[in-house]
Amino acid sequence: MRIIDLAINDLKQLVRDWKTALFLIVMPIGFTLFFGVIFGGVGGEQDPRLPVGFIDQDGGGVLSPHLLDLLDASDAIRPEVSDESIERAEKKVSDKDWAAAVIVPAGYSESVLRSGEGHALAGEEAALTIIVDGSTAAGATALNGVQTAVTRLRGAAKAAQLSARALESQGKSTDEPFLANAMSEAIEAWREPPLTVSVAQSGLATEEDEEKSVMATSYGQSSPGMMVQFSIAGLIGAANILVLERKSRSLQRLLTTAISRVEIILGHYSTMFVMIFAQLALLIGFGQLALGVDYAREPVAILLLAVTMSLWTASLGLLIGVLAKTEEQAVIFAMIPMFILSALGGAWMPLEVTGEAFQTIGHLLPTAWAMDGIQNIIVRGLGLESVLLPAGIMLAYAIVLFALGVWRFKFE
Amino acid sequence: MKILDIALKDLLRSLRNYFFLGFGLGVPVLMSAIFYFAFGGLAGEGGFEIAQVDVVIVNLDEPLAEYDGFSAGEMLADFLQSEELAGILAATEVDSAAEARAAVDNQEAGVAVIIPAGLSAAAFDPQGRAEVEVYHDPTLTIGPGIVKSIVTQFTDTLVGSKIAAEVAYNQLSAQGATVDAMVLQNVAMQYGEWSAALAESQGASTLLDIHSPTGKEEEEDNQILAMVGGIMTGMMVFYAFYTGAASAMGTLQEEEDGTLPRLFTTPTPLSTILGGKFVAVFALVIFQVIVLMAFSSLIFKTEWGALGPLSMAIVGLVVLAASFGIFIMSWLKDTKQAGIVIGGVMTVLGMVGISSVFTANVPGAEGGITEILPLFVPQGWAMRAWRIVIDGGTVGDVLLPFAVMLVLSAIFFTIGVLRFRKRFT
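From first to last, the protein sequence lines are chains A and B.
Counted the way our numbering counts, the first sequence spans residues 19 to 430.
Counted the way our numbering counts, the second sequence spans residues 748 to 1172.
These are computed hints drawn from the structure, not numbers from a lab.
Glycine included, C-beta positions come from ideal geometry on N, C-alpha and C.
Be a bit skeptical, because a hint or two may be false.
Unchecked claim - Derived contacts from chain A toward chain B, CB cut-off under 8 angstroms, selection only: (1) Q188; (2) A207; (3) P212; (4) S220; (5) E263; (6) L382; (7) L383.
Here chain A stands alone, though its shape is the one from the complex (with noise of 0.2 angstroms):
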């Protein structure tokens, strides 16, 4: 009963300081929302395809309209057609307003279709200009889906080109229009290949309702990610009462009342639970509700992650308390580890576009556990046997920071 008593006067304390809403609450609604906008969250966008400028220099060209379909075929990149100069283009692309700029050059067509006779590489020395930056992942992306469009262009090219071949060894001959000919009946049939690669995802997404994959996806990370970074943020106010009453001797004139050394330290502790309780509760309910997040379907396991994610994350602020003589320490003590813990867990950007160590070390870590945790339930779709194994993680770093936080314990 006492221990509850201390529980709820800290609660109190707190709940008057509107620091605590703002850092338990307003700032990781606002971050959810800012990395949701920024990966796509919204969607406003009606074509989701990079932009691509288009600048045919090649006028008149056969090959120029045939690139241009081929490349508003891609499902990664859509052309924009341009008659920019190569500093503008150059400038768009560095400006972000473009992905990349391809620049047909004056006679590519005649090159192309004209050259390469008796050679495997036919063509080989006309090259389309391109305008990237690889090292960004848009520009990759792009570079990509404009390899693959010019592969198919310059497929359908060796393809009239060997049909023209083929009838010329028949002593026949050929012309311009043939070439055209055979060359849009290669690219039509490039429009729509006899073998495809059709890319499915597995849980959630396959689901019917598309508006719900895609917010899956796109709140699937901003939002456990900030709940777990905040979860640590929230930590400075709680840790500060530890320190408070260490400073202020208010923890030395409890140990005078009939209240004992453990039941001080499980009030605080279970301050710092529920606290953190609530606030995962809160953040789940608006992602639930506002982000279309479906916490819900599997309410149990989100419970028990809930749970667990609480516990080892209060034990961390014990831990935080105890160590940290003045309030400033408190804060760099909590803001800290939620930087590392958070960027090493996954929460700022999934795991998996790290390498294969930093991989490793994350998942040495409670945060990256409990991101697997959630997102089994979000994104992937799986039940409750699938946080058990994050759950008994974050529970066993709940159990170590505990003991360490009460071990180091001082009350003067």
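On the provided structure of chain A, position chain B as indicated by the hints.
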């Protein structure tokens, strides 16, 4: 002289402060190191390191007896498991589509490639169609993209041969020429040779003349260092504003401690005291920027661009971060409010301002709102100037963000100083 004495004392106090050492220097270096590590800094080859994609393959294709047992499925499965792709894919074969999908569902693999029963037949049958399915974990984006690209490259070779044969058949028939199996086989074979030669000569890149928009061809040599340079810049901008605000908070702290009112009782004019304190704010931000730049140059080999535009970016960042700190603190009552502002408001403004750092590796996330939104906060203008500089921009390129930073600084500084003067007069 007194101004400098006051500034020096404040500067020394800040340099001994945990908060500055932790947030001003420690965290930005730490965060850059984490990102450096995340994107392959330890690989030591100067390129991005992405973990191998775990792939399971199921080959349901049936070999064609009439074509000497040709099996496109087997070729694709072997290609995916080849030494050539071993650095990118860790591929294994399973027996059924259900098993392959289950491996992905249970997170034993990231991607499953399901080769359909009629792949080989579709490659030869004029009416035949087949679809290879890439089934993947929904949290993955890069791995499935890589696998799809590789499989498409493979199927395009088969499709190309088939289209070449079909075009030859139709065109030769239309001309009244002889079209027999030998002719068509010959066309398909020549197409295959061309396709193989293309693949050997680094694929489609030989058909493209690739240029960087900035003309910096050397950036291909070491993308990781270029990226970490961008991250370090973001961290520097983010934490310079923290430092500006935290340093200006010292004035509030001294007011609360009673040391500032005591200083006002001395013959030293108010303008000298405040001037000294503001000089300390500028000096501390300069110190932070120089230390972080030097560290990044030494450890991450960051190239900071030409001296002219770089000097403008440094001056702009320092005056803007310091002025903004003074401006913000001039509106606050005490250090308690300042703590909230530094912890909350500065974090929000900072993350909005440097959002391009977070979107750098996300296809399609660049441009649009992520370019415009940051310009609503001062950090966004500083970030824009620094990005131009490290991308090799000229004085002319950086002029606009530099001018905006100076104008904003003048406004923030004037308001901040006037409010502090009014407060302490």
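Right, here's what the structure says about each hint:
no.	hint	in the structure
1	Q188	holds (5 angstroms)
2	A207	holds (4 angstroms)
3	P212	holds (5 angstroms)
4	S220	holds (5 angstroms)
5	E263	violated (17 angstroms)
6	L382	violated (14 angstroms)
7	L383	violated (12 angstroms)
The structure fails hints 5, 6, 7 (numbered hints given earlier, in ascending order).
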